[in-house]
Amino acid sequence: MKSYLLPEFKIIRDDDRCIRCQVCVRQCGFGVHTYDEENDIIISDESKCVGCQRCAVFCPTNALTIMTNPYEYRPNANWRKEFINDVKKQAEGGGVILTGCGNDKPYKIYWDHIVLNASQVTNPSIDPLREPMELRTYLGSKTNQLEMVDGELKTVLTSQVMIETPIIFSALSYGAISFNAQTSLARAASEFGTLFNSGEGGLPKELRKYGKNAIVQCASGRFGVDPEYLNSSAVVEIKIGQGAKPGIGGHLPGEKVSIPVSRTRMIPEGTDALSPAPQHDIYSIEDLSTLIYALKETTNYEKPISVKIAAVHNSAAIASGMVRAGADIIALDGIRGGTGAAPKIIRDNVGIPIELALAAVDERLRKERIRNKCSIIVAGGFRNAGDIIKAIALGADAVYIATAALVAMGCTLCQKCYTGICNWGICTTDPWLSKRINPDIATKRLTNLLRGWSLEIKEMLGGMGINAIESLRGNRHHLRGVGLNKWELDVLGIKGAGE
Amino acid sequence: MNNLQNGTSIKIDAKEIFYKDLNNFILDSALKGIKKIILNNVFGQRYIASRLYNIPKIEIEVFGTPGNDLGAFNDGHQITVYGNAQDGVGNTMNEGEIIIHGHAGDILGMSARGGKIFVRDYVGYRAALHMKHYKDKKPIIVIGGTAQDFIGEYMAGGIVILLGLGLKKGESHKPNFVGTGMHGGTIYIRGVVNSFQLGKEVGIVELTEEDHKIIEENVKKYANYFNKDVDEILNNDFIKLIPISKRPYGKLYVY
Amino acid sequence: MKRIQINEDVCIGCRLCEVWCIVAHSKSKDIIKAFKQEKPRPIAMIRVQEDIPISFGAQCRHCPEPICVFSCISGALYIDENGIVLHNSKKCVGCWTCILVCPYGAIMRNEDEKTALKCDFCMEQGTPSCVEHCPNEGLTLVEVSENGF
Amino acid sequence: MDFDYLIIGNSSGGIGGAEAIRKYDKKGTLAIISDEPVHTYSRALIPYYLKGNITYDKLYYRPSNFYNKNNIQTFLGKKIIKLDVKSRAIILEDGESLNFKELLIASGGVPFVPPIKGLNQNNYFTFTSVDDANKIKDKIESGHIQKAVVLGGGLIGLLAAEALSSFNIEVSVVELAERVLIKVLDNISSKICEEILEENGIRVITGHTISEVINNPDDPDKIDKIILDNNEKLDCDLLIIAIGVRPRLDFLKDTEININRGIVVDNHMQTNIPGIYACGDCAEIYDFILDIKKLTPLWPTAYIGGMIAGFNMAGHNKEFTMGMNMNSMKFFGIPVMSGGLIEKPDDGNYEVLTRYEPENMIYKKIILKDNIVKGIISVNSIDRTGIIIGLMRNNIDVSSFKAHLMSDDFDLIYFPREIRNEIFTGRLL
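Chains as they are written, first to last, in this note's numbering: chain P, 9 to 507; chain S, 1038 to 1292; chain H, 17 to 165; chain B, 13 to 441.
None of these hints come from the bench; they were simulated from the model.
Model, not experiment: these values are computed from the prediction.
Any given hint might turn out to be false.
Simulated restraints on C-beta separations [unchecked claim]:
hint, chain 1, residue 1, chain 2, residue 2, range
1, B, M373, P, A99, 51 to 61 Å
2, P, N456, H, I68, 29 to 39 Å
3, P, E54, B, D382, 47 to 57 Å
Note that beta-carbon positions come from the ideal geometry of N, C-alpha and C, so glycine has one too.
Put together the whole structure using the sequences plus the hints.
What follows is the structure, given as structure tokens:
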């Protein structure tokens, strides 16, 4: 069927600069560029271009410019280009439109409407360059009180996991991302003293040595879950849902289930790895509790158990149930959370922004006096240290970052993760493309990012006159809203700027 | 705790012992080198044998009614229940054997990736759900009676043998939606199943020599555990269900 | 003593090493001029070998006991004071004995000049150009002992 | 005069020895003796020199400051009369006696000239030294040379023929064997070489030899005609005899040094007399492919043999176990190489891979025994032949990449990963 779709991107090649070295030809996994030997020119098939910029970055003479194809349909505020093209796509293919990465729709990003406080005159700010600043964070359920007898601690403490910065790499499963990418996350987490999350695809044997820095997931597919896997971790996380696709399952297409992926997931090569929508042993809070304690039993009560849900309308009530079910950590993933593959219609329309969910959950748990029973990790599109520090002031213990980590490794959010082709070598299991991530380099890029953001958080903390991240947690007085409605301010539990 | 040690076996009255304490006791005993643990008066204690990761294989005999997730994540131990079991028997089990002298509840062997489960009588809903296999790790479930709906749902590997003992002559098996979403593994059913009872992802195929061997081998074990007549069980037709595709949802998407 | 280490696990087959080898051995040292104006265009002395998914760029290993030097009938190949194996094309007669003996296949033929051609470790510029421009550290400079790696 | 090290011979073997000694011993006294009164030069280049491809100064094997820089005393143009093993001395023609602690004999070879009726001292040329080349050059420059005959279809003979033909001289090559290059090529490859020569105007006569030389009645040093053993008569203005060299051993007469066809040495290149070493065309070295000791008159072998000797002379234990037949040739621009076995032996479990593309003049043959390469011949597809020689030297099993061996693009990429790792880290080859 003739496609009526126009190319999404336009490729401009400066012929004065193009030396026909064909680096672009070799770097494009989508086969956009080809060399025509007869005429000594490089031909670019724009219809295949995904705008990942790999060719442009690697072109040694900067001869390439990849830009959005500027074609226009008749302007229509309702029928925007995207919707027309999606309809064409489905008319031609007759299926669910898949996509990758996080929601790209212009929902209000509350971080951009919240501002932070700083000390002026009446309270001194702290210079983080001179004063010790504490970003160290402990994850896990905290006891109500500590009992001391004769100077000795009598209370038995629940298991805690210490991280040096409140930034954790979010779930990115092997199979969705390449082995080299996952290795880089593991190494960076280990070097910096934070955690990475295996995702639901198992943990390759080679990475078990980073277990002290691993959150391992137990999801509905139970891929690669065995007692050894569960015990090769710092935290076990029950994955109920994901911000990019709340309420639905997922599946890793058979073509991505290569030999090493099959070994890690413990399923035969080439079969679809289906993750059912619910975990079929969890239909209620009571069932959740059953699994939480099953995991605690299997890990000898040595590891905090996290439960991850997508941020949805009743997150607060659900979170309350989760804490009562025994979760030591609650992970909330907002509507802007990323994915390797999700139906576009779900990604773009289901769930709520993380800011609102976090505020609501924190508020609810405080009101019920069980906030200390769990740590809260929030996820879903954290773009910079400002977003993170605001999240902590709104009540989070730590944040999960995944998209930012991928961007640090080279990702340009071309949203083609679901194709299995990733020109940056991240979201692929193709051994040829996977080599593009050199774990030495990617680890460095990731630790640099963690370092940069941690320094920025310290700067902002110092400016507020705070020297430990602990003191900021849930301290909403340090936040003010700008351009927000009353209900928004109410849900966020913050005052408007100037108040 | 009242317990009685005799060589490498130990007996305990589990009455009113909190499950965590009971499991502590099992772990401690196993660490001490106990090879066989007999639990009397079990009444709803959960996760029996779940905390035995990386420990030499032991045998556990349960008298009474164990609670949910009996042998969840079981790492190779043998559990025999003299009584009925609850939900989640062998949940995500890795290795070992679970033998139930009675009925079992829902999600029996859910996501199991290895080991064997024998249930003398009936099981509840969604047995063998999302069970899988990898290389030589291939879970096997033998159920003496019949099951409730969704047996073998999302099944990705392993073997289920449903014997239908206790059904009247000509009476069909109970479950509907058998093998819904199934994309791997095999279900053998002895007795009558109507086509409308099957999920749309499964197909019926002829049994091969190899299939008969698998059935025979496991039925023998079943009969041996529960003192049944092998020949009588084998002297009946079996049907074999396998998934139509390794990729049941492969054509759902447009890129 | 520094040598070039080949790390095939992270070679992405971009062939930028070849491109920059050409530039480094051009007259202008300018990438666009080297490719678009200089005739004949210099020949890359590193060769990317590719059998997807395997690939790597390989050039002269600068062996501690270079059999090419020992075998050269004209004295065109020699070891300089840094232990680098160099080739004096003015002395070369193109007998290809070096090609016969090099176990790495690292010596090429300059068909126009009828002389051998090999990596000179970019002696003029310090870091070999292929190493400097490898975008993924598929080629790195490592310190090795007198006897090689 | 007393020397720590004496080296007889100023060509590749001698230089190899000198350079190796100087790697470890910068101070010990070292002298090189040669009967040729010239700076070290490359014999292998004389065809290029004769042809005019290179000028005289390009013949030099090492820069002009070589002896100085390496603190080497030279006795050039001095013939050796005698080696006195007992007193550890050599006696020069002029009576001078040079004592040594360690001696390397790299005296090379002398061209072999068979007895032919009509041949005298002055009516033919050999072609192994720069002096020979200069004489031929002079002869050609004196004019009147229209037809030349080269006796010997080996490498030197053919190269001489090609050089002569570049002067528009009509050249015939006479070879007694049924084909040229019989020692280094197989049937097909030598036929290809013959074809190349014929296409370029050189007549190749195989299966015959010269039975008589008819001299000019007026000038006995000038040949008129050559008569072959089949009575064919060839007009001839210039005769070159190039049927091989024999070890130069005259000065070793009556010494207790073991000599077979050449000087017998062990893997350290040492003769039966401690402290006396030999290498190059005058010595028999170990051929690891054939598992015998034999004369292997090759430039690289001479150098490496000398080098090994030099290391041992300077006190560094080293062995030469990698000797083998190998040749790189070029006829009218077409490159030809061979190494190791050229024909499959009758016995043993040998396998032969061949590829012959007459239209492209490409021929490749690899001989394997139990998946180990034992020989290669390649015509016009020679790039990276060294990799295959490396496989031979390291006894590498090629079964996992045999399919790629014969292709033009054969390369390290087809090796198993482990072998490649070892290669790249220098643990192999």
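Assessment of proposed distance window 51 to 61 Å (beta carbons of B/M373, P/A99): holds (60 Å)
message: Please check whether P/N456 and H/I68 have a Cβ separation lying inside 29 to 39 Å.
response: holds (31 Å)
field: Outcome of range test on Cβ distance (P/E54, B/D382; 47 to 57 Å)
entry: holds (55 Å)
The structure fails none of the hints (numbered hints given earlier).
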